[in-house]
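Engineer: Sequence:
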Amino acid sequence: MSQAGIDVTDGEDDLRHCEELASQLISVLDRMNSSKVPLAESVVLRVVLHARALINASTPVARLPPELLAYIFIYAALEDERVKLHKDTFPRFESPSRLAISHVCHTWREIALATPSLWAQIDNYWTTPREEYIARSRGAGITLRVHGCYQGSTKSCIEPISGRLRRLDIIDVRRHSIDALRELEMPALECLTADGRKIWDATLFRGQKTGLRALALHGLLVDRLPANQFPKLTHLHLSLHLKLEEESGSSLLSLLANTPALQYLYFDDTDGLYGRDGGVVSYPESGIPVHDLVLLPSLRGLIMNNLHLTRALVLLEHLSMPQKPLIRLVSVVRSSAPAIPNIRRLLPGNATSMQLVTRTTPDHERFQIVAHPADGNAGLWFSVRGGGATVHQWPRMVHTMLPLSTLRCLTIAARDPALVPNILPHLPSLNTLRIMIGYDVSGDDQPAQLSEGLCTALAQSSPLVCRSLRTLGLQFDDDAHDDPSVFSPLSLIDMATTRAQLNCRLHRVVIQWSRYSWHDDAETRQRFTDAFKPLAEVVDEVVLVGDEDAESLDMMSVRPQWTMPDAERYWSLREFRESLPDRLDI
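The sequence shown: position 372 = 374 (my numbering), numbered continuously.
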């Protein structure tokens, strides 16, 4: 009898024969002297291993091409090389998965050992595995993670493979680590990360021109920055403390001048690039040592964190960025707040959309602008936090910081009733205005004051502001308010009536009483419907929505390009990622 081309009868006969042989083998073992039984174990094991090899050879995975298995091994066993620069310690490269693959069977072991890149992630934590992995990686480019506190000097660890290094991450930089980077040549190195709390006073690789594409100096106390030429460098991450104030600005600009291919610059200066107290240091009139304008022709993204605002703006004045990059500037203003800054040169072209957020807490003021020109690839993210009354006044004067005449879409989240009336006269092209209202931090100011001020400003006839306005959205930002009065329905209706009479009729008004869907009930919806019913007579479309409705206002969402995924190609940047929620921080 056969089935699917297999002779089942012959198979059953073979199985019975195997069982007979097994019984005979057991009988022989039973008769053997007990001291001889261990010697027979190798014979039995040879039979078992041969049977397993036959079984493995007949499985579907055994029919996969070796090249495909090698790719699967690499995908499953290799780790994400991007170190998390915000962590105090970097994880070690673990090897159990790679070793486990090589111990499954003879075929897998052969494939694993014939795949050099599988062994090219190396850690100096253990000496023996490191040497074995170096041997197995053969000609592959090596990623080496050096923990400065383990197993000898950095130079002795790097030197034997310096010509094959593709990526080098040094954690807990020591003096011998800096010496190694100064003295050794690493011609194939693509990415270098140096993290620690030591004084850095070195150029790299004997001062030679380097093919590095990514360089991160993190947490270091720096006397001077590397003076090498970096013709291929695309990613530069500097999160450090520059030690010598008189040289710091010039040192940074000199480094940038040597990076003509730079695409992403991340700079974080927790202690203040130009003085730890944020005050003015004795520089020339420019506030920075005299230096030629630095051209960065390929820059796509610039992220600056924790710089004192005045110093950040002075530094930016020395940069020429013709590619219109995305600029994220998160600055600090301390007690000596500067005058209202002019940031218009940071936004290429005229802004067509903008989000403005102000937030007051007992400790500080926060002011944030996200602006985009018609070219959607560029943008300015400007965020300032600080104390004192100066920053509190800046939102009302935003028209002196950026030209607003070309704005077509504006979103505001604020608690200052005077803010919107102050800036509306400067928005002749505005088509869409969205306002997020709520209680003041003290709880004293009623949200109705915001909507009243808005309606009063939009209703004045001489002069009529925002003649092009066609869409108005209002959203309550705090816990749901079931009273329509927070939106001043009568004032809103009067304003819409006035504008209709002046031939500036609103096409669409959206009212969202809550950002939170659990407050969206039928009774509340009916109450708002009744309050705003007359509005439909003077507006083409009135939309009342809850948070889960299709028309709900996602006012503070950010554009996808701000995530800049390419900026994290070599490192994971917590500060950058965590300050990019789905909505702006209000």
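Careful: at least some of the hints might be erroneous.
Once the Cα atoms are required to be at most 27 Å apart in a straight line, the calculated DSSO-like pairs of lysine-lysine come out as [unchecked claim]:
1. K211 / K234
2. K38 / K157
3. K157 / K211
4. K234 / K326
5. K86 / K157
6. K38 / K211
Across the chosen pairs, the derived CB separations fall in these ranges [claimed, not checked]:
7. A341 / S463: 46 to 52 Å
8. L56 / R561: 55 to 61 Å
9. S25 / L47: 51 to 57 Å
Keep in mind the hints are simulated off the structure, nothing from the lab. Even glycine gets a Cβ: it sits at the ideal position worked out from N, Cα and C.
Engineer: Determine for every hint whether it applies to the structure shown.
Structural biologist: Okay, the hints, checked on the actual structure:
1. A hinted pair counts as satisfied when its Cα atoms are at most 27 Å apart, and K211 with K234 qualifies at roughly 10 Å.
2. With a C-alpha separation of about 54 Å, the suggested pair K38 and K157 falls outside the 27 Å cut-off, and the hint is violated.
3. About 20 Å separates the Cα atoms of K157 and K211, which keeps this hinted pair within 27 Å; it holds.
4. With a C-alpha separation of about 20 Å, the suggested pairing of K234 with K326 holds against the 27 Å cut-off.
5. A C-alpha spacing of about 24 Å is found between K86 and K157, which places the hinted pair at or below 27 Å, so the restraint holds.
6. Taken as a hint, the K38 and K211 pair is broken in the structure, with Cα atoms around 69 Å apart against an allowance of 27 Å.
7. For A341 and S463, the Cβ-Cβ distance of about 35 Å falls outside the hinted range of 46 to 52 Å, so the restraint is violated.
8. Here the CB-CB span from L56 to R561 is close to 59 Å, well matched to the stated 55 to 61 Å.
9. Checked against the hint of 51 to 57 Å, the pair S25 and L47 fails, with Cβ atoms roughly 19 Å apart.
The structure shown violates the earlier hints numbered 2, 6, 7, 9.
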